[in-house]
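Trainee: Place chain Z on chain V using the hints.
There are 2 protein chains.
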Amino acid sequence: MISNKMKGLVATSSVIRAMFEEGKRLSDIYGEENVFDFSLGNPNVAPPENIKIEINKILNETAPKLVHGYMNNSGYEDVRSKIADFLNEKHDVNISSGNIVMTCGAAGGLNILLKTLLNPDDEVIVFAPFFGEYKNYVNNFDGKLVVVSTDIDNFEPDMQGLKDKINSKTKAIIINSPNNPTGVVYSEEVIQNLAKVLYNKEEELGISIYLIADEPYREIVYDNVFVPYILKYYKNSFIGYSYSKSLSLPGERIGYVVANTNMDDFEDIMTSLNVANRILGFVNAPSLFQRVIANCLDAEVDVSIYKRNRDILYSHLIKIGFKCVKPQGAFYLFIRTPIADDKKFCEDAKQFNLLLVAGSAFGCPGHARLSYCIDYKRIQNSLPAFDKLAKLYEDK
Amino acid sequence: MISNKMKGLVATSSVIRAMFEEGKRLSDIYGEENVFDFSLGNPNVAPPENIKIEINKILNETAPKLVHGYMNNSGYEDVRSKIADFLNEKHDVNISSGNIVMTCGAAGGLNILLKTLLNPDDEVIVFAPFFGEYKNYVNNFDGKLVVVSTDIDNFEPDMQGLKDKINSKTKAIIINSPNNPTGVVYSEEVIQNLAKVLYNKEEELGISIYLIADEPYREIVYDNVFVPYILKYYKNSFIGYSYSKSLSLPGERIGYVVANTNMDDFEDIMTSLNVANRILGFVNAPSLFQRVIANCLDAEVDVSIYKRNRDILYSHLIKIGFKCVKPQGAFYLFIRTPIADDKKFCEDAKQFNLLLVAGSAFGCPGHARLSYCIDYKRIQNSLPAFDKLAKLYEDK
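In the order they appear, the protein sequences are chains V and Z. Those letters in the first sequence? Residues 1329 to 1724, per the working numbering, in order. Those letters in the second sequence? Residues 1329 to 1724, per the working numbering, in order.
Source of the hints: derived by calculation from the structure; they are not laboratory data. It should be emphasised that the depicted structure is a prediction, and the values quoted were computed from it without experimental measurement. You can take every hint at face value.
The list makes no distinction among identical chains, and a pair is therefore deemed to hold if it is satisfied within one copy or across any two copies.
Below, simulated SDA-like cross-link-like pairs (lysine to any residue); rule was C-alpha separation at most 20 Å, straight line:
#1 Lys1380 / Thr1390
#2 Lys1678 / Glu1722
#3 Lys1524 / Asn1590
#4 Lys1352 / Gly1426
#5 Lys1380 / Leu1394
#6 Lys1393 / Leu1368
#7 Lys1335 / Phe1469
#8 Lys1333 / Glu1451
#9 Lys1672 / Ser1367
#10 Lys1380 / Pro1392
#11 Lys1393 / Asn1370
#12 Lys1352 / Gly1369
#13 Lys1393 / Glu1382
#14 Lys1333 / Glu1595
#15 Lys1352 / Leu1394
#16 Lys1705 / Leu1368
#17 Lys1472 / Asn1332
#18 Lys1335 / Asp1596
#19 Lys1333 / Asn1467
#20 Lys1333 / Phe1594
#21 Lys1333 / Asn1401
#22 Lys1333 / Lys1472
If we strip away everything but chain V, and leave its shape as in the complex, we get (with noise of 0.2 Å):
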């Protein structure tokens, strides 16, 4: 009786749940300390501890109706006004409150944009390996997804295949950097190349084309890379927005979209995105954390925590012979899996209590996705199971 849409997405959900219950079933047989489970993107690393102590300052010193109330669907003013100065002076751009809808996360972020931008049949482009959840936000809204590969040296987004998949039916295109799942950063030079692409076809099909910037992963980045701020090198460029990460708040949802203030129809635009907020049953970003993050702008989580990880994991990875772009960003490794086939590698490492996301599911056969988001003894006690899975393939 479900919807035809719901029916291959149920089906799709037992298998994430049958490898869950596998994980448990694990857990029970050998003992939960010796399941290494690198298959969920939770963030591990506590808070700030200023959301606590900011919560309780709001709690005590604003109207409940002004924490909990109603308010415009795209949010507080005075939290929007906040995050506009506070994007002004971070990356020398130009905007106000009225560029920014808060959203329920940044997955709200993404509905409420192709609920705005998508008619039935309009493409959608991303670069494989990409998140697995795109594909579903796109049908939300009766779009096509069409994938453009990397280069699986370094991730980069293959210029050529993009300018060859652009055509009239062309809406938008979805970046994510730093990436899930290869922890990829996108320099100045890929942003700059992939701004001239797009312009050049605007001009040439007489066409506006979005780019969004799914960016939940910004502030997650190490050895100091820098994460070129879209806005400023695209005019018809949004960027979607969240603390999950930022501030290890996954489950609080809170974030935000920001528009360019030149974009073509900016003023329909931000008005449909109020209103796609609205209809979608979003209502409006939860109240009291949108005030609770407006006061914690400046706040972060202790990101050497998952530099520690990554270069523990990377390192060992590296020696025992698997093949790996060092990522500069996010909690997540990408490896190139020793046998083509991604899914019965995953099998494989069961044995050896790992549990990993094949590369199939972010439209990328022929690699496995490493979570890194948990505690650091349990990395160190994983690699020797990482050594007997790489031995499995030596006389192969």
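Mentor: Just chain Z now, with coordinates in the frame of chain V:
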């Protein structure tokens, strides 16, 4: 450039904004205290003191990862269990955590339900007057909203009209009791008759018809009126619940969907609701407030404040000649307009600084809605304005 579906909605939104601007204009001229804004449904009664206490307790006693982290997309297992136990005891039903999905308010709940149930062109029946957002929610999934009238002397559903409109494309009925905009509560007899019609039609047509009770106002009732618990009367039934009004937390977006255990395709439906919560971009209901409401299941706002508002406004309006069904719940009065053109009536009302919403917005012309969730003093002060408004039409 925005999508065709959004174009019309953006136009409508401009009309609403114009009304909001008009309110501000009147406030600037006459002083905010002399403008009587009966247009918004934003609760003015404070949340229970418990809310603040429980937030502090949770932040002090629970690990951040279990307060702000990801959990199952359906919500924390222990929170859902507590709600199930509470509902079992309160309503003598027999449900468990597996019947419940925590949602971003009732709006989020209705959207995941319709995503789960609707194929394009499937029909969803509502009774006029109805909450205008139902049309948008159904349209999100390309369903067709079918409107059945009510008896305007009591706003009870026209059962013959319902029978006439049910056909093989009918997938769901949405009811809303206590009702926005009428304040009417459906009696047990109405619910029994409704269930009978639906059971007969299911058998006659060989289909499942799902009954969705949208219940954000369940706890806002007066004079000990009984609100039948829908799961006890009809097998294929859901309740979309929200704490927005019952605990005055509308900005926090916290509620749940509960499904009847023995409904058709129960397992698939619960899995689909879980997946829909994820892919529509909600991911999960805000995590801290899941824990907060689980600790406040017995809490309630002071409904007597709303009752006092209802009483003064209702008795005065009746005294000066307006026709209106006495509301038994929610915080709205739905008056019959003395002229057929309800939009003109609401325009006329602005002369006296009265802001009302035309019944047409609820699919019921010839009426106007007054939200009385505002200060008692303001209502008292507004009474002479209603006198003047009534006089306008006396000689006509």
